[in-house]
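Participant: Below are the chains, spelled out letter by letter.
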Amino acid sequence: MMTSTTKFMASIVLSKLNKHYGSLHHAVKDVDLTIADKEFVALVGPSGCGKSTTLRMIAGLEDISSGEIRIGDRVVNNLPPRDRDVAMVFQNYALYQHMSVYDNLAFGLRNKKVPESEIKAAIDRAAEMLGLHELLKRRPRQLSGGQQQRVALGRCIVRNPLVFLFDEPLSNLDAKLRAQMRIEIKRLHSQMPTTSVFVTHDQVEAMTLGDRVVIMRDGEVQQAGTPLSVYGHPVNRFVAGFIGAPAMNFLDVTIRKEGDTRVAQSAAVKLAINEASARALEAWQGRPVIMGLRPEHLALGSDGPVSRSFPAKVEVVEQLGSEILLETRVGDARVTVARVPPETQVAAGDQVRLSVQPGRLHFFDPKTETAIVA
Amino acid sequence: MTGAGRPLFGEQTRFMLLLITPAALLLTLFQVVPIAIGANASFRDWALYNPKKTWVGLHHYEAVLSDPEFLWVVLPNTFIFMILSVAGALVLGLALALLLNRPFAGQKIVQTVLLVPLMVAPVIAAIMMRWMFNDQFGIVNAVLEGLGLDGQPWLVERWTAFGVIVMTDIWLWTPWYTLLLLAGLQSLPREPFEAAAIDGTSTWRVFTHLTLPMLRSVIVVCVVIRAIDAFRTFDIVWTLTGGGPGRSTELFSLYAYVLAFLTLDFGRGSAAAIIGGLIILVVGAVLYRVVDRIARV
Numbered sequence: 001m002m003t004s005t006t007k008f009m010a011s012i013v014l015s016k017l018n019k020h021y022g023s024l025h026h027a028v029k030d031v032d033l034t035i036a037d038k039e040f041v042a043l044v045g046p047s048g049c050g051k052s053t054t055l056r057m058i059a060g061l062e063d064i065s066s067g068e069i070r071i072g073d074r075v076v077n078n079l080p081p082r083d084r085d086v087a088m089v090f091q092n093y094a095l096y097q098h099m100s101v102y103d104n105l106a107f108g109l110r111n112k113k114v115p116e117s118e119i120k121a122a123i124d125r126a127a128e129m130l131g132l133h134e135l136l137k138r139r140p141r142q143l144s145g146g147q148q149q150r151v152a153l154g155r156c157i158v159r160n161p162l163v164f165l166f167d168e169p170l171s172n173l174d175a176k177l178r179a180q181m182r183i184e185i186k187r188l189h190s191q192m193p194t195t196s197v198f199v200t201h202d203q204v205e206a207m208t209l210g211d212r213v214v215i216m217r218d219g220e221v222q223q224a225g226t227p228l229s230v231y232g233h234p235v236n237r238f239v240a241g242f243i244g245a246p247a248m249n250f251l252d253v254t255i256r257k258e259g260d261t262r263v264a265q266s267a268a269v270k271l272a273i274n275e276a277s278a279r280a281l282e283a284w285q286g287r288p289v290i291m292g293l294r295p296e297h298l299a300l301g302s303d304g305p306v307s308r309s310f311p312a313k314v315e316v317v318e319q320l321g322s323e324i325l326l327e328t329r330v331g332d333a334r335v336t337v338a339r340v341p342p343e344t345q346v347a348a349g350d351q352v353r354l355s356v357q358p359g360r361l362h363f364f365d366p367k368t369e370t371a372i373v374a
Numbered sequence: 375m376t377g378a379g380r381p382l383f384g385e386q387t388r389f390m391l392l393l394i395t396p397a398a399l400l401l402t403l404f405q406v407v408p409i410a411i412g413a414n415a416s417f418r419d420w421a422l423y424n425p426k427k428t429w430v431g432l433h434h435y436e437a438v439l440s441d442p443e444f445l446w447v448v449l450p451n452t453f454i455f456m457i458l459s460v461a462g463a464l465v466l467g468l469a470l471a472l473l474l475n476r477p478f479a480g481q482k483i484v485q486t487v488l489l490v491p492l493m494v495a496p497v498i499a500a501i502m503m504r505w506m507f508n509d510q511f512g513i514v515n516a517v518l519e520g521l522g523l524d525g526q527p528w529l530v531e532r533w534t535a536f537g538v539i540v541m542t543d544i545w546l547w548t549p550w551y552t553l554l555l556l557a558g559l560q561s562l563p564r565e566p567f568e569a570a571a572i573d574g575t576s577t578w579r580v581f582t583h584l585t586l587p588m589l590r591s592v593i594v595v596c597v598v599i600r601a602i603d604a605f606r607t608f609d610i611v612w613t614l615t616g617g618g619p620g621r622s623t624e625l626f627s628l629y630a631y632v633l634a635f636l637t638l639d640f641g642r643g644s645a646a647a648i649i650g651g652l653i654i655l656v657v658g659a660v661l662y663r664v665v666d667r668i669a670r671v
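Protein chains in written order, with the working numbering: chain Z, 1 to 374; chain U, 375 to 671.
Hints should not be assumed to be uniformly reliable.
[Claimed, not checked] Just the calculated beta-carbon pair ranges, DEER-fashion:
#1 U:Thr577 - Z:Val316: 56 to 66 Å
#2 U:Leu523 - Z:Lys120: 51 to 61 Å
#3 U:Met493 - Z:Ser66: 43 to 53 Å
#4 Z:Lys120 - U:Thr577: 21 to 31 Å
#5 U:Val660 - Z:Asp37: 31 to 41 Å
#6 Z:Asp83 - U:Arg663: 34 to 44 Å
#7 Z:Asp83 - U:Gly480: 27 to 37 Å
#8 U:Asp666 - Z:Asp83: 32 to 42 Å
#9 Z:Lys16 - U:Gly480: 33 to 43 Å
#10 Z:Lys112 - U:Asp666: 27 to 37 Å
#11 Z:Ser100 - U:Leu432: 50 to 60 Å
#12 Z:Ser66 - U:Thr577: 48 to 58 Å
Please keep in mind that the hints were generated in silico from the structure rather than gathered at the bench. We treat Cβ as the ideally placed atom computed from N, Cα and C, and that holds for glycine.
Turn these sequences into a full structure, and let the hints guide you.
Facilitator: Written out as structure tokens, the structure is:
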């Protein structure tokens, strides 16, 4: 049984965590991650990146090949799921279809032989928080996807666990409901702050929900940081391309010296680099690098000096009402431009100039793809 | 109804009728016609030595239904056999299916070995059992005597003979349950069980609160099919005891068979068969509802 003192400190520490499936598939590689008490961490990455496996290892549903997992002050490597005091929300809800919503919510507490009066009180509280009161007598299959996921959330809340684990809980919902449930989860976390790990492949979910975002690829952690820091300072090209929508544009350029300034130049582009970046790019003088430009940092037209803009040919115009998305061609590269004011007169085939602030440029090593200037 | 000049069915319907015609013909020839002939016979005095086929109405039905042998031996035997055999094989089959559902070394071999009884013809199984339980040369008594116990005249006393019959049937049918229930188990979604594991559910509670209710439909279908089938059991009883000692282990199909083909009273035999058919029709329908309701809880 948990004592009340340990309930207060539920940090999760993963050290050198590995998962092998057979000898060929190395799903999780040396993951080191510390999740603070009451922190909400979003694990994000493309499918097959090991994020779900990591979560399932924390839950105890997968064996750990090597490494260590601590929850609170205990190493839980060899504890069965039920002794870890975690609760989990699954992608397909995993409700007990043959039980009423009330019995679904009560199931975990009845396992622990909690008196029915306490169970009822806990369910009342959870139902209040999630607006489930009218649904308590129904069966899960009579509910919509969003309602079912709320029941699944409720099932976790009533148990008042040390840790909440979310395995892509919003993926089966339609876009509108997903946004709603996102807010609901966020609200829930502020109402009952509990250490939470949220797995998703959707960077918007990760950015909006996570106190910290952990980006994974091929079983390795690429970067962990606040949403703002992973957006503003991606450590490599993968993170830069994964975080942010629409995705960052990448151009192959060469760093040249032109008078006092340094420029990033290709056949189609010549952009001045600010001083801070220039210092970091000192060693790259005359060598090719990858330049990253966020679509939302590009603007149509050239108000400033010529060295801050470059020509582009509009190929596709997407009018969203609130903004225009432009698909343009710059040399032989495609460049997306976002946040073009919706009234702008622009059509496919137009020749335009795109401008960007020098401080907004990202540069990556073309071989290792790590950031030179983030 | 259809207007004058219009064909009776649309083109598509006619094509569908054409497609089911062969099956319908076969069914009619080999199921409907024999049943009709049998039903006809049950209303007549029809025996090999009496070919006049006199119409006697419900006389045979009255005779069967007032036969104390039928009422107090055959019917109870049939239902006791049905209940014991279905329940026994269900419990054993479910246990084996649960065992096979978790991976272990040599699982494939065990799975194959378990299926052997399914491949043995019931008559052969019954002969095997008869030898094993033979009171003079059988291995069962040999083992018992080897252990210093008394051998039993297994097939000579009513309830031991009946027990051997039930046991043989359970042995024969357990793998069938195992196979179907294992398929059912493997088709269950994984996540509710994972959720239950995280929720700290004991193995027994997982079984009673998740596995059983989720397997409900498979169990209901298995029980109903097997119950109806058990009602008609003939081969193993005929081979093991021939209904004996006396007529004490006679089941319903034996009763009808003996009447029709040993005493050659086709009329009486047909009446018995039709009574049995009606009984199993009702029992099957009731069973379906009852089992479904029990499993729903």
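Participant: Determine for every hint whether it applies to the structure shown.
Facilitator: Hint by hint, here is what the structure shows:
1. Restraint check, U:Thr577 to Z:Val316: a C-beta distance of roughly 58 Å satisfies the suggested window 56 to 66 Å.
2. The hinted range of 51 to 61 Å is satisfied by U:Leu523 and Z:Lys120, whose Cβ atoms lie roughly 58 Å apart.
3. The given range of 43 to 53 Å is respected by U:Met493 and Z:Ser66, whose C-beta atoms sit roughly 46 Å from each other.
4. For Z:Lys120 and U:Thr577, the Cβ-Cβ distance of about 27 Å falls inside the hinted range of 21 to 31 Å, so the restraint holds.
5. Look at U:Val660 against Z:Asp37: about 60 Å separates their beta carbons, and that is not inside 31 to 41 Å.
6. Restraint check, Z:Asp83 to U:Arg663: a C-beta distance of roughly 43 Å satisfies the suggested window 34 to 44 Å.
7. Checked against the hint of 27 to 37 Å, the C-beta distance between Z:Asp83 and U:Gly480 comes to roughly 31 Å, which is consistent with it.
8. A beta carbon spacing of about 38 Å between U:Asp666 and Z:Asp83 agrees with the range 32 to 42 Å that was offered as a hint.
9. At about 35 Å, the beta-carbon gap between Z:Lys16 and U:Gly480 stays in the expected band of 33 to 43 Å.
10. The beta-carbon spacing between Z:Lys112 and U:Asp666, approximately 32 Å, falls within the hinted interval of 27 to 37 Å.
11. A hinted range of 50 to 60 Å holds for the C-beta pair Z:Ser100 and U:Leu432, which are about 52 Å apart.
12. At roughly 28 Å, the beta-carbon separation of Z:Ser66 and U:Thr577 lies outside the given 48 to 58 Å, and the hint is violated.
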